[in-house]
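Given the coordinates of chain W, work out where chain X should sit on it, guided by the hints.
Next come the chains, spelled out residue by residue.
There are 2 protein chains.
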Amino acid sequence: MEKLFVVKVGGAVLEDENTLNDFLQRFADLNENKILIHGGGRSATQLSTRLGIETKMVDGRRITDEDTITIVTMVYGGLINKKTVAILQSKGCNALGLTGADMNLVTAIKRPVKDIDYGFVGDVVKVDNTAISLLVRSGFVPVIAPLTHDKKGQLLNTNADTMASSIATAMVNQFDVSLVYCFEKAGVLSDPENELSVISELNKNDYQQYLASGTIHSGMIPKLDNSFNALGLGVKNVIITNANSLNTKNGTHLSL
Amino acid sequence: MEKLFVVKVGGAVLEDENTLNDFLQRFADLNENKILIHGGGRSATQLSTRLGIETKMVDGRRITDEDTITIVTMVYGGLINKKTVAILQSKGCNALGLTGADMNLVTAIKRPVKDIDYGFVGDVVKVDNTAISLLVRSGFVPVIAPLTHDKKGQLLNTNADTMASSIATAMVNQFDVSLVYCFEKAGVLSDPENELSVISELNKNDYQQYLASGTIHSGMIPKLDNSFNALGLGVKNVIITNANSLNTKNGTHLSL
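Keeping their order, the protein sequence lines are chains W and X.
Mapped onto the working numbering, the consecutive letters of the first sequence carry residue numbers 1 to 256.
Mapped onto the working numbering, the consecutive letters of the second sequence carry residue numbers 1 to 256.
The hints are simulated quantities; they were obtained by calculation from the structure and are not laboratory data.
Keep in mind that this is a model prediction, so the values were computed, not measured.
Some hints here could point you the wrong way.
Since the list can't tell identical chains apart, any single copy or any two copies may satisfy a pair.
What the hints assert, rightly or not - Within a straight-line C-alpha distance of at most 25 Å, the following computed DSS-like cross-link-like pairs (lysine-lysine) qualify:
no. : residue 1 : residue 2
1   : Lys-110   : Lys-204
2   : Lys-249   : Lys-185
3   : Lys-185   : Lys-152
4   : Lys-3     : Lys-114
5   : Lys-3     : Lys-56
6   : Lys-126   : Lys-236
7   : Lys-249   : Lys-151
8   : Lys-91    : Lys-110
9   : Lys-151   : Lys-185
This is chain W alone, in the form it adopts within the complex (with noise of 0.2 Å):
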């Protein structure tokens, strides 16, 4: 089968322009069929202060009302998901840019109030693979935002680490899938504090032990989750790496 990277990119290389130029060159530089992911998070949260309405985050999930789903329409569906095509495009990369309500590419649901309302947040219901099949297959490279839609005409926000590993997850069948998620740091560290701490293999039964041991937690959990949870629906490979180690053989290779 022909191979596919789907990459995700968040964090703190979405906010510097040198960063990110520097990533989409070698996003752009591989030489694979591939799809981008990103989020936009921070952005979110700087307009939201501009416009001064109140960013409410809990367990690092945005509460997303109706202003909110309105800004981060406009900062993850336009502001930096066309800037990230129009740089592809000046590297030779023939990107376009969507969300899932594009096409019918990814239908969800809006989250269930149970103790939290999170709002139009949206849990991931189906991936169309032939859409994105159809893309990738004619040369396109798909620009992923992390938007969501009901099919009754609403947006829903949904988590971006989770957007790729749905995305990836449905591929399988098509194509040899690799899912890398690319961020600030080196991978999953053994020393938060120490850069040079990488785990460069990764298997479940040691996630279960670092995460009993404390070693891994917080933000990096719902991440490893989604990646094996990936790994046992057919991905073939999940890397967690620094955004410019993409295409090497650095970071953290996970398997079950």
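Frame of chain W; chain X shown alone:
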């Protein structure tokens, strides 16, 4: 040849939720190959005001400084484009939202500074009809925001009427193209104060006379110049009509 409708919607239609919804229902019901191009200037002005950024217009054209290109990228490329796509998807229309940067659809050059520096405003250089054809023939409905790029990484603000006529004329070798401008008025009026005074048929000779008498003036002139230009370049029909009259015989029908 197969038919293709290139529909432009702008002005007050985009501002009112019910009017927009009715228009998008009519557009979804149009049972032909189709492309939608939208404006969004009023929303961009509103966001600029909320952010304390002054809006400068010269002859109805927006001076697009660095803050303003950020705003129009968020509003045109994000908010209006993605909301429109989500609504169309809810009506069973398989839309995808794009700018001229996506798939390298529309390249432009930054308008040279003569008397006025328009800033990041793009004049269309080339439309990639191959990519648009691929989407349309695959059953997708492109929804295009009035943003282009210079292929060097810079997004540019481009007049939506011009974007529509450029795209329409680029498709004439592959499709039998109709270009429909939809807005809040009933068509080209012989008396601007009277919505019943629609000029139902307008040829180029009559247009010159209406221009000379001052009956047709200001914002209608570039729209009509674009329209007659498109007819000259092989577009079969150009219609200027109310958003509620899409897919009816109403409005102003142009001929050379």
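To see whether the hints hold, each was checked on the structure:
1. Lys-110 to Lys-204: neither (30 Å within a copy, 53 Å between copies)
2. Lys-249 to Lys-185: Within one copy, since 15 Å is at most 25 Å while 61 Å is not.
3. Lys-185 to Lys-152: Close neither inside one copy (39 Å) nor across copies (29 Å); limit 25 Å.
4. Lys-3 to Lys-114: Neither: 40 Å inside a copy, 50 Å across copies.
5. Lys-3 to Lys-56: Neither: 39 Å inside a chain and 49 Å across chains, both beyond 25 Å.
6. Lys-126 to Lys-236: within (20 Å within a copy, 41 Å between copies)
7. Lys-249 to Lys-151: neither (40 Å within a copy, 32 Å between copies)
8. Lys-91 to Lys-110: between (37 Å within a copy, 19 Å between copies)
9. Lys-151 to Lys-185: neither (36 Å within a copy, 31 Å between copies)
The structure fails hints 1, 3, 4, 5, 7 and 9 (numbered hints given earlier, in ascending order).
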